[in-house]
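> Residues per chain are reported as follows:
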Amino acid sequence: MSGKTLYDKLWQSHLIREDEAGTALLYIDRHLVHEVTSPQAFEGLRLAGRTPWRTHSILAVPDHNVPTTNRAAGIADPISRIQVETLDRNCTDFGITEFSMLDERQGIVHVIGPEQGATLPGMTVVCGDSHTSTHGAFGALAFGIGTSEVEHVLATQCLIQKKSSNMQIRVYGKLATGVSAKDVVLAIIGEIGTAGGTGYAIEFAGPVIEALTMEGRMTVCNMTIEAGARAGMIGVDDTTIDYLSGRPYAPGADHWEQAVAAWHELVSDADAGFDREVILDGGALAPQVTWGTSPEMVTPVDGLVPDPDAEQDLVKRDGMHKALEYMDLQPGTPMTAIRPDHVFIGSCTNARIEDLREAAAEIRGQMVAPGIRQALVVPGSGLVKQQAEAEGLDRVFTAAGFEWREPGCSMCLAMNADRLEPGDRCASTSNRNFEGRQGPGGRTHLVSPAMAAAAAVAGHFVDIRKTAGG
Amino acid sequence: MEKFTTLDGIVAPLDRPNVDTDAIIPKQFLKSIHRTGFGPNLFDEWRYLDRGEPGMDNRTRQPNPEFVLNLSRYQDAGILLGRENFGCGSSREHAVWALLDYGFRAVIAPSFADIFFNNCFKNGVLPLVLEAGAINKLFAAVEATPGFRMTIDLPAQEIHTPEQEIIPFEVDAFRKDCLIRGLDDIALTLEHAAAIRAFEAQRRLDAPWLYDNSTE
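First to last, the sequence lines map onto chains G and X. Numbered per the numbering used here, the first sequence finishes at 470, counting up by one with no gaps. Numbered per the numbering used here, the second sequence finishes at 686, counting up by one with no gaps.
Bear in mind the hints are in silico, worked out from the structure with no lab data behind them. For each residue, glycine too, the CB sits at the ideal point set by N, CA and C. Among the hints, a few may not be true.
To be verified - Some chain X residues near chain G, calculated using beta-carbon distances under 8 Å:
{"#": "1", "residue": "Arg543"}
{"#": "2", "residue": "Glu554"}
{"#": "3", "residue": "Ser581"}
{"#": "4", "residue": "Asp584"}
{"#": "5", "residue": "Thr621"}
Please construct the entire structure, taking both the sequences and the accompanying hints into account.
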């Protein structure tokens, strides 16, 4: 009999019941809530006369709509304000812990969960947000859900689910200097496609993944959804446990040893079988830049904008033509010749302290290029912001001409006032380059924090492997 | 949730892969705290030439004459025909609410993104998967015949075309049953409340650290 995968173990340890057709009831340990996908769920709960099953499994924070400047003045957009106030009221009414907009712990939901130790190995973690896959970096089963499911978890502490298939992606070798977790996950998406992971839970493994810090692992798991899989995960090791030690919501001293012993079991067995396996050479990876309007439209920075006419699949070819027209790019253009006019460093993918350090290292003592009209740094949380300021990173950014903002989702999806105008071209550390994602008509190139910072200084994309080596 | 048994409707073709939920309902409309009213802004950036904001009177806006839903032959469409990976991207259920509010009760595509697929069933919308060959044939038939309509018979798991062709389709038995009966998932789950409580009690013993320091 073959062994169990990490996903098998997480699934089985949360299974309440399962019928013959495989429809299962799965127990949820942690429910993260934000303002955009929860109001209708709370309304549904009230209309049915129900209350949350386990209030203390929930942690709420406003992040999508919050302004990143002058918080003390409140939210200028009345519709955004109502949505944030609705979350505040729902949390007060039902006794739910919330880090409200002015709390120093407030931030992007997928940054604060791990930062607080509210995400732990072995948990099921859900949130009405597709980037919930981030939390799988801790050996947790974490996935995004819709608003009806948010209501379902509030009311029952469970979800009706069907088990996914198992995929393992192994990245071997050693990353070159200047190549980061973001480049690894973009390359994976380029390899398997945005629907490559549909129906699978993906486990990331191999020497490159093991060598990543927890923050790098979160970046990889975060973008699992861009590969089509709801859940991405990484087995627990000492890196995981060291990160969690001492966090506010991590287990206290009386249960720590017991928890750590249980967490060490959260790895795939050596003889576990996967339905699909993908292997990548991490040593061969260059920094990645997207050229189109889907994250799979990605190429190494030393590559060229591809030619749609070389694509055999007619539907794909048409999609490439549409993407190049929207992006205003010509086939055959070197990626390093593309000149962004905006730079955004932030989002649940890349707004943690290490991301800010890597970006700051690229710009220290230099100025943003004249062609850059706006360069933003939006820390992932109030605590990340404090840490960065303690290290003087804010001054590195502002001296170079970047704006240093308050934490939130900001220009990753442009629900607040931070957005691109039609025709703007942005080097962005976020996760989606869809049409209009960062503002109607805006053009997004997804890159790592160091690549975004280097583009800000040079005025065009650069192969930071060359500059890093001198 | 409104029951779904059979649906007879005009078919509108949306001929592009990877239609994401940002395209289906752009972010500025997610600020609503209600489930209804999203229909006028379905596919907003493709459907109108001017920029949409919440609260605008959409009748005074400039429609994009080339967008498929603005063509007179697809007015009152109830079935949307799409391509691979339909509904990818964000988990926003607003995408399904917008499709439903517009009047679509079914989306047919060769593949769907998981979260969108799930969200459809929670709202009485049928996401129907057909293999690529059958999808190509449908696109051709819809293009060729103005006013092309089909009937989707969910209990029989069949699509009936005007040419009397019958296309069978697969659907998960539990989800099919919920759609046909218009069942509320939560009520069904709460029938197992005792099992949930028993599981929880055991979990408190097995993994007490999950409970001794929760978000109080």
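> Tell me the hint numbers this structure goes against, listed in increasing order.
1, 5
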